[in-house]
Every structure is written in structure tokens, then in C-alpha cells.
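Protein chains in written order, with our numbering: chain E, 1 to 351; chain G, 1 to 583.
Hints were generated in silico from the structure; no laboratory data involved.
Be a bit skeptical, because a hint or two may be false.
[Claimed, not checked] Below 25 Å or equal to it, Euclidean Cα-Cα: the simulated BS3-like pairs (lysine-lysine) are:
1) G:Lys336 - E:Lys346
2) G:Lys336 - E:Lys245
3) G:Lys297 - G:Lys213
4) G:Lys20 - G:Lys426
5) G:Lys576 - G:Lys471
6) G:Lys297 - G:Lys520
7) G:Lys520 - G:Lys223
8) G:Lys213 - G:Lys302
9) G:Lys480 - G:Lys576
10) E:Lys208 - G:Lys336
11) G:Lys38 - G:Lys20
12) G:Lys418 - G:Lys20
13) G:Lys480 - E:Lys245
14) G:Lys480 - G:Lys302
15) E:Lys238 - G:Lys336
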Amino acid sequence: MPPAIAWMDEVAPEQAVSVCGAKMGRLAELLRAGVSLPRGFTVTVEAFRRHWDQAGLDEVADAALGGLGAEAGPAEIEAAAGAVRAELAGRDLGADLAALIGDAYEELSSRCFEINVPTAVRSSAIGEDSGTASFAGIFDTYLGVSGQDRVLDAVRQCWASLFNTRAVAYRLRAGTHHRDMPMAVGVVELIHARASGVAFSVHPVTGKTDRVVIETSWGWGEAVVQGLVTPDHVEVGKADGRVLKYQVADKTVVSAFDYAVGRVVETEMPARLVSRRVLDEEQIAAITDAVLAVERHYGYPVDVEWVLDRHRREGEPVCVVQARPVTVTAPQTAPTEWNPAAMAAKYVFGR
Amino acid sequence: MATVIPVDEFINDEWYPGFKPGYTHAPWYIDPVQTFRKEDEENFWFLDFHWPRGLTPMGLIWNEDGYNWSSQLAAEQMPLPPGRGITCRLGGTHTYGSPLPVTDVREIGQRARRLERMLPPFLQNFDEIWGHMREEVNESWDYFHGVDLSALSLADLRENLIQARQYHKRAFEIHFQVMYPLLANYVGFYSMCTELGLDPGQIGKFLQGYDTKIMETDRELWKLTSAARRAGLEQVFAAHEPDGIRAALAAHGGAASTWLTQFDDFLQVYGWRTEGSCDVALPSWIEDPTPALGTIKTFLLKDTDHDFEAARNAAAEEREAAVDAARSTLTLEEQKLFDGGLASCRAANFPWWQDDHNYYIDLRIALPMRWACQGIADRIGADHQDDTLYLFWEEIMDVSAGRRPYDAGLRSLVEQRKQYFDYWLKRRPTLPKVVGTIPESVNDPILIEIFGLNSHFLRAVEAASSGSQVKTLTGVPASKGTGRGIARVLHNADELHRLSPGEVLVCESTSPNWTPAFAKIAACVCDGGGTLSHAAIVGREYGVPTVTAVGLATMVISDGDEVEVDGTAGRVTVLKQIPNAQG
Numbered sequence: 001m002p003p004a005i006a007w008m009d010e011v012a013p014e015q016a017v018s019v020c021g022a023k024m025g026r027l028a029e030l031l032r033a034g035v036s037l038p039r040g041f042t043v044t045v046e047a048f049r050r051h052w053d054q055a056g057l058d059e060v061a062d063a064a065l066g067g068l069g070a071e072a073g074p075a076e077i078e079a080a081a082g083a084v085r086a087e088l089a090g091r092d093l094g095a096d097l098a099a100l101i102g103d104a105y106e107e108l109s110s111r112c113f114e115i116n117v118p119t120a121v122r123s124s125a126i127g128e129d130s131g132t133a134s135f136a137g138i139f140d141t142y143l144g145v146s147g148q149d150r151v152l153d154a155v156r157q158c159w160a161s162l163f164n165t166r167a168v169a170y171r172l173r174a175g176t177h178h179r180d181m182p183m184a185v186g187v188v189e190l191i192h193a194r195a196s197g198v199a200f201s202v203h204p205v206t207g208k209t210d211r212v213v214i215e216t217s218w219g220w221g222e223a224v225v226q227g228l229v230t231p232d233h234v235e236v237g238k239a240d241g242r243v244l245k246y247q248v249a250d251k252t253v254v255s256a257f258d259y260a261v262g263r264v265v266e267t268e269m270p271a272r273l274v275s276r277r278v279l280d281e282e283q284i285a286a287i288t289d290a291v292l293a294v295e296r297h298y299g300y301p302v303d304v305e306w307v308l309d310r311h312r313r314e315g316e317p318v319c320v321v322q323a324r325p326v327t328v329t330a331p332q333t334a335p336t337e338w339n340p341a342a343m344a345a346k347y348v349f350g351r
Numbered sequence: 001m002a003t004v005i006p007v008d009e010f011i012n013d014e015w016y017p018g019f020k021p022g023y024t025h026a027p028w029y030i031d032p033v034q035t036f037r038k039e040d041e042e043n044f045w046f047l048d049f050h051w052p053r054g055l056t057p058m059g060l061i062w063n064e065d066g067y068n069w070s071s072q073l074a075a076e077q078m079p080l081p082p083g084r085g086i087t088c089r090l091g092g093t094h095t096y097g098s099p100l101p102v103t104d105v106r107e108i109g110q111r112a113r114r115l116e117r118m119l120p121p122f123l124q125n126f127d128e129i130w131g132h133m134r135e136e137v138n139e140s141w142d143y144f145h146g147v148d149l150s151a152l153s154l155a156d157l158r159e160n161l162i163q164a165r166q167y168h169k170r171a172f173e174i175h176f177q178v179m180y181p182l183l184a185n186y187v188g189f190y191s192m193c194t195e196l197g198l199d200p201g202q203i204g205k206f207l208q209g210y211d212t213k214i215m216e217t218d219r220e221l222w223k224l225t226s227a228a229r230r231a232g233l234e235q236v237f238a239a240h241e242p243d244g245i246r247a248a249l250a251a252h253g254g255a256a257s258t259w260l261t262q263f264d265d266f267l268q269v270y271g272w273r274t275e276g277s278c279d280v281a282l283p284s285w286i287e288d289p290t291p292a293l294g295t296i297k298t299f300l301l302k303d304t305d306h307d308f309e310a311a312r313n314a315a316a317e318e319r320e321a322a323v324d325a326a327r328s329t330l331t332l333e334e335q336k337l338f339d340g341g342l343a344s345c346r347a348a349n350f351p352w353w354q355d356d357h358n359y360y361i362d363l364r365i366a367l368p369m370r371w372a373c374q375g376i377a378d379r380i381g382a383d384h385q386d387d388t389l390y391l392f393w394e395e396i397m398d399v400s401a402g403r404r405p406y407d408a409g410l411r412s413l414v415e416q417r418k419q420y421f422d423y424w425l426k427r428r429p430t431l432p433k434v435v436g437t438i439p440e441s442v443n444d445p446i447l448i449e450i451f452g453l454n455s456h457f458l459r460a461v462e463a464a465s466s467g468s469q470v471k472t473l474t475g476v477p478a479s480k481g482t483g484r485g486i487a488r489v490l491h492n493a494d495e496l497h498r499l500s501p502g503e504v505l506v507c508e509s510t511s512p513n514w515t516p517a518f519a520k521i522a523a524c525v526c527d528g529g530g531t532l533s534h535a536a537i538v539g540r541e542y543g544v545p546t547v548t549a550v551g552l553a554t555m556v557i558s559d560g561d562e563v564e565v566d567g568t569a570g571r572v573t574v575l576k577q578i579p580n581a582q583g
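Isolated chain G (complex conformation) (with noise of 0.2 Å):
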């Protein structure tokens, strides 16, 4: 008998207050955004981390655009045999995702044979696909980022947030249509690698040490964090909030003020990003600093600047070291196989990219839509910059054409709808991860390796929803070695302060907004994720153990549990549950 949770809690009509779905504005490919319908129940759904506030009635359109549109559609392109990419419904302001699958058989063999023949070539030329890929989504950038939106018409600036989507949109396109191959090259290399016998825990490594633009935002980060400690900024850093550090600089004067001037020009370069991803409703660096203020502060509590020279280079010997081991285990016929795989995947290296388009895609594309839609709540006089983000595309639309005016009504629906946003934002810790029914396996590449839907994860959601008692849970094995210590089960990273010095972090999965915390904690729990996800990496880094694709780690553990977190064998052991909290 197949595990089945229920969906009733989600099922109605409503997206936020005073909005009804007409399905007239945002193309799809195969399935589009909904609701949940009872028949839903017969799939899968698993509860989506990128967005652990929710999403404004304005972010929904990553849903429409990203994943009902640009994965299904690269799904298709190049096909992914038994899947056409991935669909969502809401749970509120929560997004759960599933696969779609292609059932018939003899369209799954017709689709495998047209992979066989698009997957070599793509694999084999991804240096010079992406860079036309980079070249574009940067010169639109450049685009957009040049034009003076003060300077424009409320229509113009409704024309502007309409190529702005078209450039969101394509950007996501691009995304699907690189991540889906390489990511179906990498993890049938991950899976022959533990075939073969070699140490899950070493297989990242293969792939480590070349640089990244994310990297390279760390090294500036570092040089300015030397450069603070070399002005005797300490003090300032340690006795504020992050909020707070850049009023304080500025008030404290002096070397502080030069600093700031050297802070605001690294801003200019490496301030066009957002702190989580995929998320109009965040803002830049540029517009709040406090998230790179906060990472200053975390690292000047390292006794000694970070060397970027020395890890680069110990991370590519580590990576020559790990693969002249992994060879040595495999006869000269595996060798040649291994050989094949790795080649493959350096030439089209998805750990890199993972990283790499983050920078270009993730965390900077929806910027422009926000700025329009900030430009556009200025012009139509909004109560606050942001409450055009609570406004549906149809409505923002109308709004600025002048077909409809920014009223009472539309204001009160802003408020509602904050309060809506709020009330789901509350209801997230409680949310089941996953809903539907259990399948045996995924097999959609994105599910198993960036939400860590393997059958570890699967068969935990299985026995916890059985009711059987958990006392040790198993994921991704994704960095080494064994800690212990209580457990912090954070929900988001505005609850970061809430961890002590050699605490355990257990959490959904973690962004690059969580990095600061990798300093202090005594290992890394995530439900989601695999061998690449942010924490994995981090947690390398830092030397911190981390277990990935745990499952139902935030359910199962308890604030307050002690727990043994064993990163080699991708171990979670409950040593000791805290009173009255339930298993």
C-alpha cells in the first residue's frame, strides 16, 4: 500500500484575497499553476525550500515562469525521457513541487533516443553554449540596469516591467535548459561512481576548485573584512546587530568613513544580488546591505583572514588527491569508464555552475521587476514602495495602463494580503514536507540532487508517516566527519541569532545568507539537498559535518534535542529528546 498524505488542508479556490486564478495571463507548457484539487492526492508534492517566507501575489510568477514554463519546456527541448519537467500547486503563499511524468512507454524510448543523440554535443560544447548564454542574459542586464526609471512615464515604466518578465522568463529558460543535462551527466556519473564502490563522501570533490563568480564575491568580501580589521573596526562590528553596523560606521567617522567608500565600491560590483534567490520581493545589497554587513561581522570573529589563494589550491590538490585515490580502487576497464565520466563532467561541470549561475541568474533577475515595480508603486502613489509586490500581474497591469485605479479597495486588498502573507509565513514550520502519494523513486535529475528526493528521503517520510518511532535518520553524506550538540530546527535565516557556539543547525536547506552561521555550529542537518546543495558545500569549507537530504530532519528533531550528526556515514542519531516534545 502505497503512502498517502492528504491534501484537504490546501484545497480552495482563493491564491491570496480578492483573487481568483483566470489562467489568461501567464502561458504554461503542460500544466499550469494551481490550486490543489483532490486529485491531486494521486502524485507527489514536496513542499519547495527556495522560498521558506512564501511567496507575494508578484513572486507567484517565478512559479508561472520558472518552473510551469521554462522547466517543462526544457524538458521537452532536451528531452528528459520519463519526465516533462516540473509542475506546483499552492499551499497558501507555499509552493509544492512535482514531476510530470510521460507514461507511455514507447514515447519514454523516442524521447531517450533523442537524448542520446542532443546530450553528447551539449555536454562536449558547454564551454561556448554558456558563454553565448552568459553573453546574453549579461547584455540584457546591462540593459536594464542602464535604464533611469525616474525618468519614464508610468506607461513606459508598465512597458518596462513587461520586458523585464520577458527577460526573467528567458533567463529561466536558459537556466532549465543548462541544468537538466548537465544534471542528468552529473548525477548518472555520482551513481556510477558508488556502483564502482568509491566513497560517496569523495565524489564531490572531483568536481571542486575552480573558481566561481560567487567565490570571487567571498574573496572581496574577505579583503574588506582585512581591510576593517586593519582600521580597528572590530569593536563597531561586535557591539551592533547588523542592521545597525552601517549607521554606526558612518557615525563612528575616520577610518569608518573610508572604509564605507571602499564598502559602497564593492557594492557597485557585487551589490546587484539578492540574498535568497529567485524572489522579487527580496532586495539587493545595494538597496539593504545588511545581509554582506552581517558576513563582515561573522568573519572578523575568525582570529585570522582567510587565505583564498591557499584554499583554491588546496582544494584542486585535494581534488587530484581524491581522484588519483578513486582510480586506484578501479581495474584498468573501470578506469577508462571513470575516466570517460569525469572528463565529461569537468568539461560540463555542474558544481561549478551550480555556483556560477547563481550569480548571473538566480540571485540578480527578478531585480528588474522589482525596480519597476517599486518605480511604478512611487508613480501610482502606494502607502509603501514594496505593496505593489502584494498586486497579481493582471492587476499591476491594469493599474498602470490606467484601466483600473490604485483605490481604497486595491489598498485594503494590499493589507489583506500582507496579512495573508503573514499568516501562511506563521504555518510554515508545521507545513508537511511532502503531500500525495509516496512514489517508490524520482526520477527527475533536479528532484534527486537539488531537493534530495532519493529513496533515503522517501523511505523516511514513509516510516515517519507510519507513525514509527525515528530515533536515527539517514541522508546524503555531504561533508565529513562527526558532531554533536543541541539542535537549532530554524525555519528561515532570520532566525540565525538564535544559534550558539557549537549548536547542530537543522533547517530545510540553507542559502548563501546561512554561510555566516557555518563559523560557529557543530555540523549541518538539512532535509533537502544532496552532495552540492549550498550547505554541502559550505559545510566542506568550514569543516563543519553535514547530512543532506535528510527528509523530515525539521519534523522529526526538536529545538532543543541532542543530536550526533555523523557527515561520512550521512548519519543523524537523537541522543537525547528534550522533554514534552513530541517525536
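The following block holds chain E by itself, in its conformation from the complex (with noise of 0.2 Å):
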């Protein structure tokens, strides 16, 4: 029987993406590739397929969801939805899986030298980001999340994310069913960020492959992510990692850990955070090593999630959280000599 839990360190690349999830089976084999990662554990598909059995939800979500079709609306889609949720999140956990989540998480924190760690929780289908169906930022990431009890009960909320109105909505319309889309859960050491950001090894918008460039803001990278806040934009040149371009931008949300909450939550940026320039030069160089390195190991442009440990010293790599094949319009094959009359063919005569 394949095992509930995999440790990042521990699953064979191979096997990582079909064990792990996609989020987490990329991360695992990242790490064979020598890029630095935050320590920490998947809560296997294998786990979320023998809960799944135990509870009986087939037949719960066969119920709800069999009568939809594509054209359902949002209301009806909810209602049904919901309905699968609550029981994904609501049955017993199985006293095995629960003391297995458990003993991993404890392990994790003595991993860390820490008691009650404070992780990432984060959602990682198969299929999630396949070529031909995103559902980036569809499922649920918990930041933050410390103690057996919390964590436990942020897995299920992961879980149950599967069947949140938007993924069961863009399910119904790709003709994808449920089933082939299991859910694994990475339970990762949350990074003390000082800042976090997104670097693509691509220009995203023009599609330019000789540049990277990187947006960031304080704190965690939730605020980016989600687009909470304008981040601070940098590009640089690949060729020979010269920044060309800084701009600092006015950031007025942050992702912070709220002690009393015990969560990272989204706030207001302290003022004297907003308008201050969040890399120097030599950051902005480790974060553009970290990510040509996870493009070299895949052979094609990615975006990868990273974040700046409080306590890195320089010299030291960023630690990624995330990695994926970027999906951006046909990379343009730019002239590379002067050529006086084919630019004016194309700026002066071209139209």
C-alpha cells in the first residue's frame, strides 16, 4: 500500500508528481535539482483516497454533483457543492490517518527544532496546472498554521477546497470529473519572510525570454499572489543579471502573522514600509539564480513563488515555495542585429 505521507527529501522524483500532487511532486523534485526549499511533508493522494473510501463519498458527491450539467449556474453549483464539502470536512478523520498527519507534523517541528512549527498549508491536486487546465489559485493555502489540531483541520479545509464553486464550475465546463483529480496536502515549515515575491524567467506580457522579472512586497507572498497589492517590479537581464529596471511601488497591504489569530493574515502596511525599495542588488540576484536554476531543470520558462528568510544571510540562496511552467503567449523571436530597412519595414512601412 503507498503511503499516506512522503517527505519531500524521502519521495523518488519520478514518482513525486503522482504521489504528491502537482504543487508538491514539482517541489520534490526541485530539490533533487539543488534548488532550496522549506522542509516538509505531503499528505499523500493516497491519504485523501483512503479517506475518501472510508467516508463513503462517492456516493455523497455522486448525489450532489450528478445532477449538474455544464450549463449550471452559480447558485446551483454552490448548493450542490457545498454539500460535498461539508462532509469531505466534516466525517471522521480515521484514527490512522489522524495520528499519521499528526506524527509527521511533530517530527517536522523536531525537524525544525521547534515545538508546534508554524507551516504552509497548501492544496496540491494532480492536474492542477496541466497544459491545458490552470486552477491556479483555485484551492485553498493556509499560512501560518501551527499545532496538531490546526493543522490537521487545515488539510481537510484543502481537501475540501476540491469542491469549491470555482473548481467544481471550471470542472463542469472542461468535461474534467473529480475523480481524476485527486487532492493531495504539502505541510511545509513556514519561512520567516521578510519579503516574498513571484519571478518568472520570462517576461509574462511581452513573452521577452532575455530577462527575468521578479514582483515583490513585506511579508508573505499571499498579498502578491493574490493581487491584494501593487508590488515593486524588477527586471533583469538574463544574459548577464544586470538589473534594468526598479520600480518601487506603493505598497499598502501586507501578508503578516497575526499572533493572536495564529495565521498569516492580509493588513494594512505600516506606513513607513510603503514607499521603501524591498530588494537591494544582491537579493535580487539570489532570487534570479533560484529561478534560471528551476529553468534549467525543466527546459522552459517558469514562474516560481519564492520567499526571503528574515535570518538569510547574503551569499545564501531564497527559499522557493512554488514552481510551474509559465503559460504566456508565443515567445517572439526579437531581430538580434540593426538592419536599417527591415526596421522600417516593420515600424515605417509594416502598417
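Take the two lone chains and join them into the complex the hints point to.
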């Protein structure tokens, strides 16, 4: 029987995605490629299936969702999906599974030399960002989850997010069955973020392949990823690592750790950080190195989410917490030599 | 639905009273100069800013030999792939230009391949090519300059006029043979820079700071200004209008007389030029030094002398800093492209040539024709020296050959034609800026860069003709900074005295005689032009926020409106409209 828990540094790279889902599986691959990652484990696809079967959720799902057609409206979908979510999150986990996850969490805490280590709990469904369908941002992520009970709860919320309204609607339209995208869940140590952001190994809008584009803000990356804040925008030349452009934005919202709630939450940015530049040259170079290492590993353009540890020292790598292929327009074929007639044709005579 | 502005008001067969075009006296290359016909409405026509006063009958020679011969010839020799140069139609005395398109895709492809072979060597060897051309132009200039017209018979004057026209025509062949390839290269570079994300306001700086003959003239004018200041002549300049300064200085005597001698020496070197461009009806500074004296009067208003050396060094430093700043934002791959384009544009520097060639061609090449016409006027007993400028080429040929007497009939025609000229001069401010069918885009580099017929311009025309309220206008950011003030909408340089310090100049376009105004205005807005038009260059030199190629500024903005000009963003906003002005 396949394991319910898979440690990132133990799972075989070639099986990583099928065992750990897309997101966590790719991270496990990258660990072998030498990219710096947070420590952690995955509650595997197998664990999800086990719970699903033990709880008899097939019947629940078939009954609730079976009647929905491709043209079902949002209210109709939400009524049906809500019923499945409630059962999925509410039914007893079973002593074995709960103990396995709880034990893995304690092991993670001890590996991090911390009691009740705060974690990031991330959905990692099979096929969630395959070439044809992107479920990016649809499934849940919880940052700053600490303690066995809270972790267990967050895992079940991630499972349930497989049936949130947007996901169900998306599958209805795409003609995908939920059974084809079982949900693994990653539990990794929460990096104490000084700053976070995304980095693209290709310009996400123009498709230019000669640069790395970085977007960043203070604190954790949720506010950037969800578009709640206008981040600093940085462009770096790939060939020589020179910073081509650094636009400092007014960053009004920050994802910060709320100790009272025990979670990372979105809150107002402290005034003295709003218009302060986030990254220095050395940090930009480390982020660029990381995204290019990921690109080299896969052999195609990627975007990564990265975190700058509060305790990181100069020269140390940044931590990658997510990586995926970029879906951009076809890369442009840029001219490499000045050719006056060709330029005139393009810019003067062409239109 | 394409926007169409009717041409009906211009449809008639008459150029000027008493003349029907016969098309026998002036060859054209693709399409002749004509009056408007209804079918012209299918094409796009723009009002040419070069002649804000309109053209006299003799002045129309420029249309025939400039646009309809030389531009069309140049567009075939070193082919513009989709264009055959420029043609024109007449709205009374005013010129509407239009690009002549090539529509056959196969032909466009072949022309593009020809251009691809011919353009690089032209650009690489530009110095030598332009050097030979300049030599040719100067050699003939020396010839015409050296002829003693007073010693010639009427028949010899006629022969001299024919030669002078041929010289004029050849000079404009050269003009367009250089202008098209240089502009194609420059506009290509400019557009590439824009696409690379470089600030359009900076691109003009990459090629600045090289000496031209026009700058040399300015420098001498500043020297004369210092001399006038040292001689204590400020009061004389301040107390008189430009056209009265010369007489006042002569009457003043003493130091003023010495200064006038210096001034005349200056004129002998730099005074063989007209104030506006390409018009046989305009006098040289030698003939009428008012513009030069007016410029010195304005220069004297400034407290300190202009340090040319410092200004040029600053321009060169600014150029290098702008290039460095631009390169720092480019990837290595982009830098390679940029460096190649910059090197090509420096070897064949359009902005430099644009200024320099005016001295050799546009501002002086019509003078030999003018002298011959005046000599003929003298010999046939015309009432005024300029009367022969109101004859058509065929008429002056007949009269000077003795085939037709300069009789009461012709004299009365000349008077009628002067009235016709004045009638159309008054209509100029209300003439439509464009007529015919507004295109999606224009692809003749001269029309894009010199006339500013870019997409901004075309969309502004469409918006205005659809009746929508235009409060904010956009154009080319030509000189950075923001200026705000009362708008003065001027239609030619004669009205410059209406400008008060701190006001915003709004006009179709400026030429060298508008320069003095830049010493006092808060901002400048032009219907036409680009980053290198006169207003853009002078605006940068004087630090006056300037937006060019706005399209319909002179129609949308009313004299007296309060406007804000953002020369960095290329935006003009009407803040307050004066009451009773139509929007």
C-alpha cells in the first residue's frame, strides 16, 4: 500500500507528482535539482483516497453533483458543492490517518527545532496546472498553521477546496471528473518572510526571453499572488544579471503573521514600509539564480514563488515555495542585429 | 466607417484668376499638381504647414518641382516599399499634400528588397554622399550668386531664370534623395527605442549636440547681441519695432554705425537666406534684415549672453548621459540592437541633417529665381519688383521672350491675384487641417516625422469630426516639463507680437522666425511636427515644455483658453474655455 505521508527529501523524483500532486511533487523534484526549499511532507494522494473511500464520499458526491450539467448556474453549483464540502471536511478522519499526519507534524517540528512549528498548508491536486487546465489560485492555502489540531483542520479544508464553487464550475466546463484530480496536501515549515514574491524566467506579458521579471512586497507572498497589493517590479537581464529596471510601488497591504489568530493575514502596510524599496542588488541576484536554476531544470520558462528568510545572510539562496511552467504567448523572435531596411519595414512601412 | 471630410469647397478649375492649368510646363513623376476633384475625397489630404501665408503663382513651382517631381522621383529611386512620394492639391493658394500609395503586394515586396540592398550602403557612406551633394549645391550657388543681373538683357534674364529653376529642382531632388532614407532609418530607430521601453522624450537627445550651419548663424547673432550690449545700444533696440531698428540705429550714429557695419558684414556671410522655407516670395535677410534685427532685439531681453560653447558641451554631455541611461535599462541582446541603430543614425544623422540642410537648400535655394523674377520685373516695367511673382511660369516665359507684352491685361491680373492671395490668406485659420478619408495609419516617413501624421493625430481628427468634446489632446512629447497659461492661437509669424510673456503658443508649426518667441512663452503646442521639428528643438534648447503633432490644437483650442501643456507626457489639457468660444 502506498504511504499516506511522503517526506519531500525522501520521495523518488520520478514518482513525486503522482504521489504528492502537482505542486508538492514538483517541489520534491526541485530539491534534487539543488534548489533551496522549506522542509516538509505531503499528505499524499493515497491519504486523500483512503479518507474518501472510508467515508463513503463517492455516494455523497454522485448524489450532489450528478445532476449538474455544464450550463449549471453559480447558485446551483454552490448548493451542490457545499454539501460535498461539508461531508468531506466533517466526517471522521479515522484514527490511523489522524495519527500519521499528527506524527509527521511532530517530526517536522523536531526537524525544525521548534515546538508546534508554524507551517504553510498547501493544496496540491493532481493535474491542477496541467498544460490545458490551470487551477492556479482556485484551491486553498493556509499560512502560519501551528499545532496538530490546526494542521489537521487545514488539511481537511484543503481537501474540501477541491469542491469549492469555482473548482466545480471549472471542471464542469472542462468536462473533468473530480476523481481524476485527487487532492494531496503539503505541510511545510513556514519561512519567516522578510519579503516574498514571484519571479518569471520570461516576461509574462511581452514574452521576451532575455530577462527575469520579479514582483515583490514585504512579508508573505499571499498579498502579491492574490493581487491585493501593487508590488515592486524588477527586471533583470538574463545574460549578465544586470538590474534593468526597478520600479518601487506604493505597497498598501501586507500579508503578516497575526500571533493572536495564529495565521498569516492581510493587513494594512505600516506607513514606513509603503514606499520603501524591498530588494537590494544581492537579493535580486539570489532570486534570479533561483528562478534560472528552476528553468534550467525543466528546460522551459517557469514562474516561481519565493520567500526571503528574515534570517537569510548574504550569499545564501532564497527559498522557493512553488514553481510551475509559465503559460505565456508564443515567445517573440527578436532581431539580433540592426538592419535599417527591416526596421523601417517593421515600424514605418509595415502598418 | 471611415471618417470622410468633404473636399467640395475646393472643387474648381481655377488656380488663380486668369489661369487654367495646362500641364505643359512642368513635368511630374507620378501624379501632377491639381485642384481638387470629387474623387480626391477617397484619399487623405493634410494642410501643409510650410506656407502659412499661401503660395503665389510663381511659388507653386515648389509644388511642381518639389513634391510632384522630386519627392516622387526619390521614392522610386531608393524605393519606399508602400509609397510613391507626395502629391498635392490646391485649396485656393494653400497646399494640401497626400501620400501616393503602392497597393500591389508583389510590387511592394520587390521595392522592399530593393530598399534592403540600397539603404545600408547609403547610410554607411552618408558623409561622403552628402558631401558631394553639398559641393554640387554650393558650386551652383556660387555661380548664381556671382551673376550681375543688372548687366543682363531680358532674354539673358529669362535664360538665367530657367537655369535657376533647374538648379532649384535639382536641389530638391537631392533634398528628397537624402531625406527619405535618413528618415526611414531614424523613424525605425525611434520606434524600436519606444518598443524597447525607452522614454520617447529622451530619444531625440541621443543624436543631439553636433554643430550645424544654422547653429553657426545663431552663434554669430549672439556675438552681435553682445556687441550691441557693449556698445550700449539696448535702448535703441528696445524702443523700436524690428522693422524700424535699422533706421533708428543709422540715425543714432556713433557706436551704432560701427555696429551696423559689423551687422552688414554678418549679413554678407549669413544673410543669404529667407526667413521661411521653400518660397520664392520670401526675401532674404540681405533684402530685408528685419527678422535678424528682431531676433537680436529678443536676445537683448535676456540678462546674460548665451554661452554657445557651454550650451554645446552641455548638449553633448546630456547626449552621452541619455545614451548611458537608456543602455542601462536594456538587456545585452537589446544593447546590441540599440548600439547598431545608434551607430547607423549617427553615421547618417537625420536630426543634424534636418537642421544643416535648411541652410544649403530650403532657406536659400529659391533666391536665384527670385532675383531673376525681380530683374525681369524691372526690365518689363512692372509696378512693383514682386509683381512677376504673381505670374505663372508660362506667362513669365512668354513675357520675357517678348512673345507677350506685359500690358494692362496682365497688370490687372496681377492686382486681382494679389487680392486672391489676400482672400485666401484670411481664410487660412479656418481651413480644415485635413480633408478626404482619414486612414488607419500613414506610412510615409516624411508625413510621420515632419508632419506628425501619426496615430495620435489621426485619432484626434476623427474624434473632432465626430463632434465629441475634446478637452484633452495628445501628441508627441517634444520638450519636457509642464507649463500653464493663456493660449494664443497664432496662424503666422506676423502675429507674434500678440504673445505676452507667460502665455502658451498654439500654432500649426514653427519655423526659425518664431524662435524669439520661445524666450518668453510658458509652453508651445503644434498641430504638426515630431521630436525633431523646429519647435521641438528650440523648445528643448529654451526649456519650454512643448508638445507636437497634436493634430487639431489650433481648431480645438480657442485664443484665450487656459491650457496646461505636459511636455513630458505629450498631453495638452484645456482647463478653462473662454466664454462664447466654440469647443
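Hints the structure fails to honour:
none
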